[in-house]
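Chemist: Sequence:
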Amino acid sequence: MSKPVLALAAVLSAALGLSACDKVPEAPYDQGVCFHAVTKDGKTFKYNVVKRGVPQIEYCAAELEKMRVTFLRMGGSNRELIGAYQGSFLIVNPRGIFRRAKWNGGQFLLLERTGDGRLAQPGAMPSN
3 MSKPVLALAA
13 VLSAALGLSA
23 CDKVPEAPYD
33 QGVCFHAVTK
43 DGKTFKYNVV
53 KRGVPQIEYC
63 AAELEKMRVT
73 FLRMGGSNRE
83 LIGAYQGSFL
93 IVNPRGIFRR
103 AKWNGGQFLL
113 LERTGDGRLA
123 QPGAMPSN
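Numbering (my numbering) for the sequence shown: 3 to 130.
Some clues are possibly wrong.
[Said to hold, decoys possible] So the derived label-pair ranges between C-beta atoms look like this:
hint	residue 1	residue 2	range
1	Ala103	Tyr61	17 to 23 Å
2	Val40	Ala126	30 to 36 Å
3	Val51	Met76	17 to 23 Å
4	Glu82	Glu28	18 to 24 Å
5	Gly117	Lys45	33 to 39 Å
6	Val40	Tyr61	18 to 24 Å
7	Lys45	Arg120	33 to 39 Å
8	Gly77	Tyr31	30 to 36 Å
9	Gly78	Arg115	17 to 23 Å
10	Asn95	Tyr61	16 to 22 Å
11	Pro27	Phe110	17 to 23 Å
12	Gly44	Ala126	27 to 33 Å
Quick caveat, the hints were computed from the structure, so don't treat them as lab data. Positions of the beta carbon are idealized from the N, C-alpha and C atoms, including for glycine.
I would like the entire structure built from these sequences, with the hints used as guidance.
Modeler: Encoded structure:
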């Protein structure tokens with residue numbers, strides 16, 4: 003191989019190696035604390051305490067949904083909200099509430115909307 007090709011290969015492999023070292027945001031692990039997470043770039047977060055003494059992730063999800071609806075009633079236009087609870091990210095939107103163990107990882111449906119807008123565990127409501 004020629005020197006320019008080897009140099010290019012070295013630069014590309016170094017760039018790929020550095021991109022693999024990007025710090026992935028992690029949700030706080032504070033026991034029983036529900037957070038609202040704010041981000042501008044999707045890489046760094048600022049966490050604001052919503053409620054302390056929250057016993058389960060579903061209660062935190064309900065608090066975040068209440069916050070989302072309150073913001074919309076006050077004239078806000080953001081229909082999606084990000085939260086965190088004991089090391090997990092919660093994404094609250096009109097479709098339901100989703101949980102992510104890692105910010106850049108997959109997500110799964112934690113609570114889904116019922117026909118009348120309430121939140122329920124997936125599969126708990128009969129399908130017609």
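Chemist: I'd like to know which numbered hints this structure contradicts. Please list them from smallest to largest.
Modeler: none
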